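**Q** Read top to bottom, the protein sequences are chains P and X. Per the working numbering, the very first residue in the first sequence carries number -12; after that it's consecutive. Per the working numbering, the very first residue in the second sequence carries number -12; after that it's consecutive.
FYI, nobody ran anything at the bench for these hints, they're computed from the structure. Only a predicted model underlies this, so the values are computations on that prediction, with no experimental measurement involved. No false leads were mixed into what you were given.
Selected chain X positions facing chain P (in silico; Cβ < 10 Å):
no., residue
1, D(-5)
2, K(-1)
3, L4
4, D7
5, Q37
Ideal Cβ placement from N, Cα and C applies to all residues, glycine included.
2 protein chains.
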Amino acid sequence: MTEMKVPDLMTKALALLRADADKIYKLIDVQMENLNMPQCPLYEEVLDTQMFGLSREIDFAVRLGLIEEETGREILGELERKLADLHDAYSIKK
Amino acid sequence: MTEMKVPDLMTKALALLRADADKIYKLIDVQMENLNMPQCPLYEEVLDTQMFGLSREIDFAVRLGLIEEETGREILGELERKLADLHDAYSIKK
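Using the sequences and the hints given, assemble the complete structure.
**A** Take a look at the structure:
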């Protein structure tokens, strides 16, 4: 791994974080599809825990200087927007 | 930050993870001191969430190739051991 260069690590860090954000989105989508209740406390708990995990990863990448703070905020913000849309879509369906 | 070299990043990643593990230990210690109840569900939830956050950071560092998987397991394992000791110490006190 030491043959990796710092710019490669920056690219990889960003790709991993985006992939992780996407994984959370898919997890919540599957949960909504199956639990069929966006107000379920279990759903809120899973979501909060997952978002916390991602925010810890992002914060870690920022502290290592692998991504900009602003980029980290964008990743979290975009996921939050997408999840809010998903939540609305399922709420209307009920 | 681009003037940082990969070995520096590896050292920094390890230091950050150890510091984060230590922060969790201190947080739980303060909680036990103040809540005075290791069986409190709130305590369990805070602990689980914090451990999940740290495990996400460690997993991220492993995927970036900044730390070995084994090192990551050691950091989590050591924190778990220290927290179990803390839990026992406070349980005996009651």
